[in-house]
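Colleague: Here is how the chains run, residue by residue.
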Amino acid sequence: MTESQAESDMEVSAKTLGEMAARSTPLIRNHWYVAAWAEEISRTPLRREILEHDIVFYRTEDGLPVALQNRCPHRSFPLCRGSLQGDRIQCGYHGIEFNPDGSCAHVPQLKAAPGGLRIESYPLVEQGPFVWIWMGGAENVDHSKLVQQPWFTEPTWSHVKGYIYMRANYLGLHENLLDLSHFPYVHGAALGRPEHAEEQPTVRVEGNVVHSSVVHRNVAVAPKYMRATNLVQPVDRTSEQFVPSPAIHVGKAILEDASDPKKTHVRYIIHCPTPETLTTTHYFWAVARDQLVDDEEIDAESYAGASKAFNEDKEALEEIEALIARDRRAGFAERIIATDKGAVLMLRAFARMAEEES
Amino acid sequence: MTESQAESDMEVSAKTLGEMAARSTPLIRNHWYVAAWAEEISRTPLRREILEHDIVFYRTEDGLPVALQNRCPHRSFPLCRGSLQGDRIQCGYHGIEFNPDGSCAHVPQLKAAPGGLRIESYPLVEQGPFVWIWMGGAENVDHSKLVQQPWFTEPTWSHVKGYIYMRANYLGLHENLLDLSHFPYVHGAALGRPEHAEEQPTVRVEGNVVHSSVVHRNVAVAPKYMRATNLVQPVDRTSEQFVPSPAIHVGKAILEDASDPKKTHVRYIIHCPTPETLTTTHYFWAVARDQLVDDEEIDAESYAGASKAFNEDKEALEEIEALIARDRRAGFAERIIATDKGAVLMLRAFARMAEEES
Amino acid sequence: MTESQAESDMEVSAKTLGEMAARSTPLIRNHWYVAAWAEEISRTPLRREILEHDIVFYRTEDGLPVALQNRCPHRSFPLCRGSLQGDRIQCGYHGIEFNPDGSCAHVPQLKAAPGGLRIESYPLVEQGPFVWIWMGGAENVDHSKLVQQPWFTEPTWSHVKGYIYMRANYLGLHENLLDLSHFPYVHGAALGRPEHAEEQPTVRVEGNVVHSSVVHRNVAVAPKYMRATNLVQPVDRTSEQFVPSPAIHVGKAILEDASDPKKTHVRYIIHCPTPETLTTTHYFWAVARDQLVDDEEIDAESYAGASKAFNEDKEALEEIEALIARDRRAGFAERIIATDKGAVLMLRAFARMAEEES
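Residue numbers (the numbering used here), protein chains in the order written: chain W, 11 to 368; chain U, 11 to 368; chain X, 11 to 368.
Chain W on its own, in the form it takes in the complex:
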């Protein structure tokens, strides 16, 4: 790409800036977001703020996960500071009790349960390690929007996973994930290769879903991967991604033995940025593999590598968030370059989603 092409690309993009989701765009609610890892939800109430709602999670005596408004409708006391009474949660201020569906079960002072004293109950779906929450209101719930990920539930696969609390807007993480050209700079020699910075991913959009893919041929693979996959160096590596919603990036890495196309190894790398607020994000990530599924050493290597890299991203995104909060230079607007094509398409899709909800 020549400089004039780049300029031209930038100008085209600049015209459409108004149609891209930005930090001030209202949070997008009609999707399934990761609320917690399954094991985080227990008989001890868990408090977590999601899309600016204060929520309490617990399990019924039968083990079903529950998500309720963590705010008593009477005097705004956080229900998580109360206690579980069977399947109900009891407020720690005046003892009012609520059922898992949000209806009031008991008001001690009234010896009754007024129907109007209801709290929001959030639809949940538990699948493997993930507990997904629907933030768009129970009346709008759409199970077809749930991204199916069998590699997290089938016994021939195993995975590692982690959680990162990020003091940054979630859109920056989405952009980061679609643009691997930051690898050599943010992640250094451990992950980045010179070709990362110059690669041009193939990007397309279907409806509101952005797909991106890039192939690296004759790639040297780290020894740990060799052992796990039984591949012979060098390999061809294909990285595919798609972004079905603001709640999830699905990444798929395919290593192919250049000398034997039948030897193929797949990993799924899942990133789930769940906004806490417009400036803070719960970042859930998981990596699934279909080889050496019981190898704890591979687990440890996989976890350590991913955790290190994703925390480097977190640090970069927090630097940006802090700078934006302080720097007051007049007339500043971020510029886009050719490699942001995927990000631009994605932010346009998010802008359409936000527009539909408003």
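Pairs count within a copy or across copies, as identical chains cannot be separated in the list.
20 Å max Cα-Cα, derived EDC-like pairs, lysine to aspartate or glutamate: (1) Lys-171 with Glu-311; (2) Lys-121 with Glu-209; (3) Lys-121 with Glu-205; (4) Lys-171 with Glu-322; (5) Lys-121 with Glu-208; (6) Lys-121 with Asp-97; (7) Lys-318 with Glu-185; (8) Lys-171 with Glu-49; (9) Lys-262 with Glu-185; (10) Lys-262 with Asp-300; (11) Lys-155 with Glu-216; (12) Lys-273 with Asp-246.
Calculated directly from the structure, the hints in this document are not laboratory data.
Given the coordinates of chain W, assemble chains U and X onto it according to the supplied hints.
Modeller: Just chains U and X, lined up with the frame of chain W:
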């Protein structure tokens, strides 16, 4: 009360929500608030913010308490960082001196004292352990609004007292104090009894003063109270309260020997929430008794019990304040139930007081 | 001055309050501000916020100081977290490189450097220990506005200097410096003499530059000064100041031997308040002398004395800033007295400067 009655009561109350004082209601100034305990004010300047005014307190050489605007009118330096020169306070920046009445006594640079260089002097009344401050302007001062409490000055009574800094709006504390149904949940078995949660206090309003009372018959009294009062178990306990202003709750607990009506023991429990700001409160409390007035062990028990309970209230109210500051769910409004009748009447009275001042 | 004169003076001044620069006045940009001490800028990027702009400083391989917008125009990453590549700075996120003039040198993803991807480069002038920055835009740069200070570069002079980070608006420091009547109160007996509080400086304004001077006759000089200057007690001390811009106070102290007018000793005391934001200030100060220039003990005494005094000013100004941020009393406005004449003239000059830029 049946569920339909409760619902009906809630609906009636909901109609009048607009007339109740809320967290955003301007602070109510034309009353006497507790500014400090008498022993806090000395020849060392004390800084305290009251109703969003920065104030400095000290005593004259004759021991009279003084409250002045803690802000030099020249360059806004806090006078509390200066020094006392006799009965005057001298600013630590340019040496300007002010008299206890707020007039300027001396400007070193001018060798004179310009009459226009005046600061606000707040009327104070010292009675027993309390130093009361009038926040409505010296020109509006009304001594008839001071609540007389002889049990804090007469020698046949003794008392314990405490101070709690509370990161919460003061109205929540007022509501808390009028509704004893929170006892079993916030204070546990130490203070709460099952009947607390279900009791229906008798509530009435006279002018702007809410009165509330509730009687528990055949109550088992803690051994410590038995010793202090020489009562025979079980007793009847009457709890009476009235709220003459946003600055004070007067509680009176009467224990009567069911077998001998002449054996009666009284305690006064005084709560004085002085708003620092709309989200922080100075909470002064005191408990007075007319028996065993010299018994230090009773003092210690009385202090420990009250301090524990009132700090539990503080923690609950701070939880609520923090939640309200974060939770952004749309359309949320607190609901009221039948036992909030006293609180509703009180908040209406406060709303009328605020309206009169505006 | 009689009281009526003082009152009259205050009334006149009050009429013109609207024409004086205040805490909310926009920062004044078209001047040279001290950005850093020369030795602070090196081959390791230095981040500093100046007039609400986030800026990165470094030196080229030839040693020239560079000041660039510390915000990548692509994704707002702080460039100071990147690395130097020769004379360029490389962004630590996607590797984009910028030249010292702010032009883009390289975008790895494009193998090109789009002309539109430019960042702000700030004009700098390095003179002796000072690195000055022009904040009004390179197109408006005016070297004639730079205050020449040969006593910081000529070998017959020596100096000490320091830096204080101040959580206060910069105007308060300017006022402080023009009014020595605070000496006995803020600095105590070490610096203040009774006559300070009552002195009336001679003040005049030429264009937008305020000049102030005051003479103290028969002043007792501290032993350390005697040793440095070889003067005989008592001396006459003349303090002259001028304020050519919001960026600098130039103070000159002249000690004259009353018995021998040829014995004269001069010190320059330079104060450079560089606003970080409207509520925080970088305070650079330096003291130059023309005697005993190689005496390290005099250096140490000079540094210790100045550092102690200027930190006392910082503490006073931070007290004021904190008070203003909290105290909400209605209708408060600072009053001025006769000794504020210099400050009033200066604040009017600053108001004119701000008005010209708006």
